[in-house]
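A.B. asks: With the sequences and hints as input, model every part of the structure.
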Amino acid sequence: MKILVINNDGGGFADYVDVADGTTVAQLFERQIGATKPSHYLIRVNRQPCPADQVLREGDRISITPTKIEGANS
Amino acid sequence: MTRQQRLFMRMAITIHERLHSEITNDKCFSLPAAAWQQCETINRKLRKASQRGWNLAADRLNHDLRLAVERLRNEVAELDHKLRPSGDEDRKASVGDIFADLVALHDEFEDVAFHRREHTLSVTTEAIELDGVYLGPFEIRLDWTDLLEGHPYNYRVIAVDPNPAAANESVTHPHVQDEGVCEGDGHQSIRKALEQGRLLDFFMIVANLLRTYNSGSPFVSLSDWHGVECADCGSTVCDDQRWTCEKCETTVCGECYYNCPGCDGIFCNECTTRCEGCDENHCSGCMKQCSRCDAELCQGCLDDNERCSDCHDQELEEETESDGSGHRRDDADAPIQPNRVGQVAVPA
Numbered sequence: 470m471k472i473l474v475i476n477n478d479g480g481g482f483a484d485y486v487d488v489a490d491g492t493t494v495a496q497l498f499e500r501q502i503g504a505t506k507p508s509h510y511l512i513r514v515n516r517q518p519c520p521a522d523q524v525l526r527e528g529d530r531i532s533i534t535p536t537k538i539e540g541a542n543s
Numbered sequence: 341m342t343r344q345q346r347l348f349m350r351m352a353i354t355i356h357e358r359l360h361s362e363i364t365n366d367k368c369f370s371l372p373a374a375a376w377q378q379c380e381t382i383n384r385k386l387r388k389a390s391q392r393g394w395n396l397a398a399d400r401l402n403h404d405l406r407l408a409v410e411r412l413r414n415e416v417a418e419l420d421h422k423l424r425p426s427g428d429e430d431r432k433a434s435v436g437d438i439f440a441d442l443v444a445l446h447d448e449f450e451d452v453a454f455h456r457r458e459h460t461l462s463v464t465t466e467a468i469e470l471d472g473v474y475l476g477p478f479e480i481r482l483d484w485t486d487l488l489e490g491h492p493y494n495y496r497v498i499a500v501d502p503n504p505a506a507a508n509e510s511v512t513h514p515h516v517q518d519e520g521v522c523e524g525d526g527h528q529s530i531r532k533a534l535e536q537g538r539l540l541d542f543f544m545i546v547a548n549l550l551r552t553y554n555s556g557s558p559f560v561s562l563s564d565w566h567g568v569e570c571a572d573c574g575s576t577v578c579d580d581q582r583w584t585c586e587k588c589e590t591t592v593c594g595e596c597y598y599n600c601p602g603c604d605g606i607f608c609n610e611c612t613t614r615c616e617g618c619d620e621n622h623c624s625g626c627m628k629q630c631s632r633c634d635a636e637l638c639q640g641c642l643d644d645n646e647r648c649s650d651c652h653d654q655e656l657e658e659e660t661e662s663d664g665s666g667h668r669r670d671d672a673d674a675p676i677q678p679n680r681v682g683q684v685a686v687p688a
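Going down the list, the protein sequences come from chains A and B. Take our numbering: the last position of the first sequence gets the number 543, and nothing is skipped along the way. Take our numbering: the last position of the second sequence gets the number 688, and nothing is skipped along the way.
No lab work stands behind these hints: they were computed from the structure. Computed from a predicted model, the values in this text were never measured in an experiment. Ideal placement from N, C-alpha and C gives every residue a C-beta, glycine not left out. Be careful, since some hints might not be right.
[To be verified] Simulated restraints on C-beta separations:
1) V443/B <-> D487/A: 24 to 32 Å
2) D487/A <-> E458/B: 37 to 45 Å
3) A521/A <-> V500/B: 28 to 36 Å
4) E509/B <-> K537/A: 23 to 31 Å
5) G594/B <-> A504/A: 46 to 54 Å
C.D. replies: Quick look at the structure:
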């Protein structure tokens, strides 16, 4: 099934990705971000907070936003 | 549909129209040459600092290089994304997306305001405190007339209960000056969110940036937020009146710094020594010891043989005394005028 993943870490890209049926939020997070702690991110499914074991559905919109974003005096 | 929902829908339609009128067909891509050049420059300085054993400078440059590489990585990632065949248009927010964002903003933030005439949408964060320094709530105000314009023209960060840095009143947050944010790591994601009309993401990213302190690159560091103390007299020093000792790097005020007359460097009291000859404070590099009595004097107060004036005079006296004729040895061969009545021999 296809879902929209918005990764606001780094480049801030939004992409439609295919995931297997039954994929949970935690599994998607691990696939997209890797070994980093999920507590360092605000994860929203369809703009709402969600539990880690929430199963994703076709057309869901998942956004992953780091809680710590470092500004810099450039 | 409630009154508020109708208002959100009108806002969503207006913003959507703006967003989709801004589609460009620009297919020219600029390579991240400036970011790469910055990496090269810092790396060159780092190599030089390491070779010369300037460890503090090398540490700082290593940190700067890490930031520059991060910037390069983000720019390469953005370029890679732009070069992909799928169109950006697919990902631009629909009216429904914008409507949903506007609804969700009320769940994420305490205060959300929309001003149709001014074309602004703003949210207010909770009171922010970083490292024990109260900075207060911030209003993030987005002007949605031109979402592609980019920072700093289309959004501002306004301190609601300002507690600016003592050294600079225009700095209301370590990463906010004159209501503009230095986006740092958030730059690409903020731009992407605005380009695609993802308003909720935009406000969440900026809010999280305001909740984060990067001690490596602030306008004013939090440790100096309430002013920097002069290391010598203890008074609070503002930015334009502070001097940094070139030796120990402590901050001193305009009243306490010393300008070494020998090398023109700036030093604190601790890092200078008063010359016994001219009575002026010099840095340790410009001070020498008299080769005879070990008194500390500046270069200007020592003679060619690195003797102080007392030792110089004393040495001359000793030389004179060691000469049996009572004349200075230097003058022994000097022509003298002939003796006459009432005249004595006087060196020429």
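A.B. asks: Failing hints, ascending?
C.D. replies: Those not satisfied: there are none.
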